[in-house]
Structures are given as C-alpha cells and as structure tokens.
Amino acid sequence: MLLENPFVPYLARVENTLDLTPDIKLMSLTLENPEVRESFDYRPGQFAFLSAFGVGEAPFGLTSVAYRRGPLEFAIRRIGTVTSALQELEAGALVGVRGPFGNYFPLDDYKTKSIYIIGGGIAMAPLRPVINTILDHRADYSELMIINGARTPQDLVFANEFDTWSAAPRTRLELTVDRGDEAWHGRVALVPAVVKELKLPPDNAIAITCGPPIMIKLVLVELKALGFNPRQVVTTLEGKMKCGLGKCARCNVGDKYICKDGPVFTFEQISRFIEQF
Amino acid sequence: MTQVIAKNELLRWLEGLSRERRLVAPVRTDSLTLFQTTGKVEEIALDFTNTTLSPKEWFFPATEALFSLERKDGTVELVPNTVDRETVIFGIRPCDASGLIILDKAFLAAPADAQYQQHRSRAALVGIACTSACPECFCTSMGTAPDDASHVDILLTPTGESYTIQVLTEKGKTLLARATVREAEVAPAKPPAVNRVPTENISEVMKRAFETPYWNRLADRCIHCNLCAYVCPVCYCFDIRDYTARRKVVRVRSWESCQSPGFTRIAGGYDPRPTKGAKLRQRFYHKLLYMSEQLGVVGCTGCGRCVRSCPVNIDIREIITDIQKVGARNVA
Chain A
209 MLLENPFVPY
219 LARVENTLDL
229 TPDIKLMSLT
239 LENPEVRESF
249 DYRPGQFAFL
259 SAFGVGEAPF
269 GLTSVAYRRG
279 PLEFAIRRIG
289 TVTSALQELE
299 AGALVGVRGP
309 FGNYFPLDDY
319 KTKSIYIIGG
329 GIAMAPLRPV
339 INTILDHRAD
349 YSELMIINGA
359 RTPQDLVFAN
369 EFDTWSAAPR
379 TRLELTVDRG
389 DEAWHGRVAL
399 VPAVVKELKL
409 PPDNAIAITC
419 GPPIMIKLVL
429 VELKALGFNP
439 RQVVTTLEGK
449 MKCGLGKCAR
459 CNVGDKYICK
469 DGPVFTFEQI
479 SRFIEQF
Chain B
1233 MTQVIAKNEL
1243 LRWLEGLSRE
1253 RRLVAPVRTD
1263 SLTLFQTTGK
1273 VEEIALDFTN
1283 TTLSPKEWFF
1293 PATEALFSLE
1303 RKDGTVELVP
1313 NTVDRETVIF
1323 GIRPCDASGL
1333 IILDKAFLAA
1343 PADAQYQQHR
1353 SRAALVGIAC
1363 TSACPECFCT
1373 SMGTAPDDAS
1383 HVDILLTPTG
1393 ESYTIQVLTE
1403 KGKTLLARAT
1413 VREAEVAPAK
1423 PPAVNRVPTE
1433 NISEVMKRAF
1443 ETPYWNRLAD
1453 RCIHCNLCAY
1463 VCPVCYCFDI
1473 RDYTARRKVV
1483 RVRSWESCQS
1493 PGFTRIAGGY
1503 DPRPTKGAKL
1513 RQRFYHKLLY
1523 MSEQLGVVGC
1533 TGCGRCVRSC
1543 PVNIDIREII
1553 TDIQKVGARN
1563 VA
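Heads up: the sequence lines are chains A and B, in that order.
Using our numbering, read the first sequence as starting at 209 and increasing by one per residue.
Using our numbering, read the second sequence as starting at 1233 and increasing by one per residue.
These aren't lab readings, by the way, just hints derived from the structure by calculation.
Hints are not guaranteed to be accurate.
Pairs of lysine to aspartate or glutamate, EDC-like flavour, derived with a Cα cap of 16 Å [said to hold, decoys possible]:
#	chain 1	residue 1	chain 2	residue 2
1	A	Lys-468	B	Asp-1452
2	A	Lys-321	A	Asp-348
3	A	Lys-233	A	Glu-296
4	B	Lys-1439	A	Asp-463
5	B	Lys-1239	B	Glu-1296
6	B	Lys-1508	B	Asp-1452
Just chain A, with the same shape it has in the complex (with noise of 0.2 Å):
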C-alpha cells in the first residue's frame, strides 16, 4: 500500500453519480493525485473507505474493476450520516479514499469451475466485480449464475446491466423479489429459496454469497443441503469498522479481524464464529 500514514486517504474527485435504485447510488470517483490513479490497484472483493470530510468515514466494497482502468466506482446505499453525506455530492466534489483493505476473490483459483454469484441488495456491489471479470475473461470459466434478490424490483441494483450479463455465452442471470408488484412477472420468493429450487450443482462449482447476515447463513444451509463443502462457499462479510488496519478491533470477530484478515472467506474458514456473525 502507498499510504504513508494509513489513516491520512487520498483525494478524489466525483466523476458522476447514477441513482440505481430509490436509495443507492452508483459514485464515479477519480483520485487527484495521477501517480497515487497509476498506481491504486485492487482486486474484486478489496473495499476501501470513503471521507465526506466533516461528517466521516465509511467502508465500502470496491465495484469496478481495476483493469478497465476506468474511475473506482462505489454503490452507496442511504443509510446513515455519511452515506447520507456521500450522496449529496455532486460532479466535482472532493471526497477521501483510504485503501485498497482487505482480501480478495481468489478467481484465478476459480478457472475452469462453474461459477454461482448469490447476492440480496445492496451486497451485490462487491459481487459486480466478480461477475464482470468472469465475463471479460468468460472462456476461463465454466457455467455462471447469477442470482440477485431485492425486497422490490425497484431494489434490484445494477439493473441497466442486467440485459449484457444474461446475454453473455453460458450465463444466467435470475432476479427475484420479497415482494412484487403489478408490473413484476417475475420470481417472488426469498434468495435462499432460490438456491434450493434452481438445484445449483456442486461438482466443480464455487458458491459466492453475500447479503444480510440472515440471508447468509440460510444460503449455506439450502448450498450444503445441496452437498457443496463449507470450502466451496465463499463469503464477503460486513463488519463495523474504522481502521481497516486490523487495529481498531471493531470488526474482530474469534481469531479474525473482517477489514485485514477478510473480507472474503471461505465457510471452512469461518465455521468457528458464523453463529457469531
């Protein structure tokens, strides 16, 4: 990491902001400094914390991809006074971005397997990455799926790329809602319900999973019913967090701290403290 001192973020510049649902939106952000904007890489998974100065900080997961070379781009959900704060500015405003933290989707490890993203609302921000490197590099890969819940249609995130990912070789994309309305033709039913009903099948396979906590640990009962290993389903968890350094001990949950040691687990990994999650 750059960082000289790790809690001093670099300065970025929103680019442009796009509201994906009623309360998330899609922020654009372009680092000042061109040497810290060559250098800042990252991964699918890694997260960084965002500065509205005077109000904050807060994590978020990183939803762009690296090697695009394009802006990094955060979904930001309204939920508290910074991302309250975030969403209010416009094109043009300074924010902080301290990071890359965290570990990372090992998808290199991942080639040649079938590919299942299980996302609710807001949680598919840090699966986006993942989905766009697979379609980028799609003969890499077997099979993907893509399951992506919301409470409503008008919650489902990242809906405008909702049309180029089931478009691409070997991939489907299946959304569902807890509640529907009159123009909804399509699944209403819980995440996990999904999983058990589509029969997702374990040979060769890597269940990625991320959501609320509840939807989470639901997922990984219907997926071991379904017979995959606790080493085949991969998690990104939430924590609080403030450092991202592994030492504000926030986010420290049996022997892991989520921002250093995580955020990305496999269920071996995390067996011991997921009832603690």
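Got chain A sorted already, so can you dock chain B onto it with the hints?
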C-alpha cells in the same frame, strides 16, 4: 558493584531532562496519581504503588487528531498530525511497560500506525521496580514481575533513600550520562510477593468455555461504563470521527470499548454482538484467547486496575479462576 543514584541527584537529573524534553511523571492530584507533564520535580510522586491510569495515554491518547483538512485558495490539503516532542516517561511500572510491548504488537504490525509509532519512537522509559504490590496485582501470573527490567530503557529500584540503576538500552545510556551516580555494593532488593491467579494454559482453556451461561450471568451486572477499557494498559480499541471547527475539519481518534452499545452495530442497525453477555465475553475472549492467537501474547499484564475500578466488581482474576473450572468440565 552497582550504579546507585541518591534521591536528590535523581530529582536534579530529572529537572535537567525536563528542560530539554517533555518530562512525564506521576503527580498526585487529590486521591489520584496520574502521569502528567511536569517541570517541577518536587511534585513528582515517588511513593505510589501504581498510578491510577497507566501511561498508555502518552502513546495512544484518549483523543488525538489524526489529520486536519485545510482549505486554502480553493484547494484542499490534508495535514497529518505529527509528534515531534521527545518525551521521558519517568516512573513507569514493569507491568505497564509490558503493556506497551503488547500495544507495539498491535499498532506496529504492518502497516504500522504512524501516530503510535511516532509517540513510541520519541519516548524513553525510565521505570521504577515495585517494592510493594496492591492486593489486586497479579503480574507474575501474566509473564511479568515487580522487578521486570525487560521493557524499559532504565530501571530504578528503590533502596532506602537511593535507587539502584539498571541501564538496559543505548537510549537509557545516553539519558543517564548527565546524572550523578556512584558505584556501591548493594544487596539486590527482594521483590514483593504478588498474589497468583491460575493463568496456566488459559488460552487453551478459553477454547472450551465459549458456550456457557457463565458469561450472561456475569454480564447481568455490567453497566457498560467502559472504565475497565480506559484504565487498562492494553485495551486499544478505538473510534474515528470528524470534527469541524470554522473552516477546518479534524479527523480524531478516541478510545472506545467493546462494551459500548453500538461498538459492532453496522449501518442499518444490525448488531452481531447485541447482548451484554456477548459483549462481556468478547472482552475476555479478545484478551485471553484472540490476542494470543493474533499477537502471540495474552492481552493482560496483571496490573489489577480493572479489578479496582469496576463499580460492579467484575473481576478478571475471578473469571480466570472460574473459567479454569468451566473449561475442565467441558473437556470433550
């Protein structure tokens, strides 16, 4: 032959040091003995058993700016807070010095905490060996001792009206160069007896005591006052917040405790550790098991401050004793 310094020479030496650097020493204020910056060496307390607070705050302050944001001519600059004063911490006890070693493991592990690193590298430690122990002390059960010289630059041991001197580091040697010392034949001081706590194998035992109603029962009386964390020479959990003053934004770090409501609550309100029992269990698991797994050392020095401070008598010595029994029962 041992190096010895008379009490008046010691004070003269400290006075000299205080003129060229910051001198931090125990000073009595009402019923409290606290490490304070002092230039008046006559106010230094030399007859304390241990200070009310450990000198942790001189390395990891209760509240400290990490950086400030300054707006100048339409541009923005982030200015890191820097520590430039050389400091001598005089009167640190061996248990508190061993606490700093644990903080080093947490804060200096890469990427190092720049702020802590600066405080640490600009400070010298002049320790005083204990000649008496508090009833709550149990340092010898936690790998240190009343006469442990291993984590300070200089260790003084009171012998009558004088102090015998052990110089442990180059830094200590340089500091002491200005003191008037003499060589004398002194019988080694006998360290005081310290109460024992059954800490043998405690991290292993903890592994078998997670699922027990013990923690909930114990936590029923906790009032989340956080004193245990604030008086602890090892507790290092922290919070980070922004403060705005005029055109300046300051990002500030402050002490926090795993017992605070909201310590683990994430955006949206979900809290993976919502109950008193789960919070209290975390305190003792972090210290007695997780820190030994992560840092290779148990997160307690046996200073006894949390025992003295807790308004509801939650006593780590009692917990360790009880957990030995619970763990023994739960052997699979």
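The hints, checked one at a time:
Note on Lys-468/A and Asp-1452/B: the hinted pairing is violated, with a Cα-Cα distance of about 33 Å set against a maximum of 16 Å. A hinted pair counts as satisfied when its Cα atoms are at most 16 Å apart, and Lys-321/A with Asp-348/A qualifies at roughly 8 Å. Distance restraint check for Lys-233/A and Glu-296/A: the Cα-Cα separation of roughly 10 Å lies within the 16 Å cut-off, and the hinted pair is therefore satisfied. With a C-alpha separation of about 11 Å, the suggested pairing of Lys-1439/B with Asp-463/A holds against the 16 Å cut-off.
At roughly 35 Å between alpha-carbon atoms, Lys-1239/B and Glu-1296/B are farther apart than 16 Å, so this suggested pair is violated. With a C-alpha separation of about 7 Å, the suggested pair Lys-1508/B and Asp-1452/B falls inside the 16 Å cut-off, and the hint holds.
Checked against the numbered hints above, the structure breaks hints 1 and 5 and satisfies the rest.
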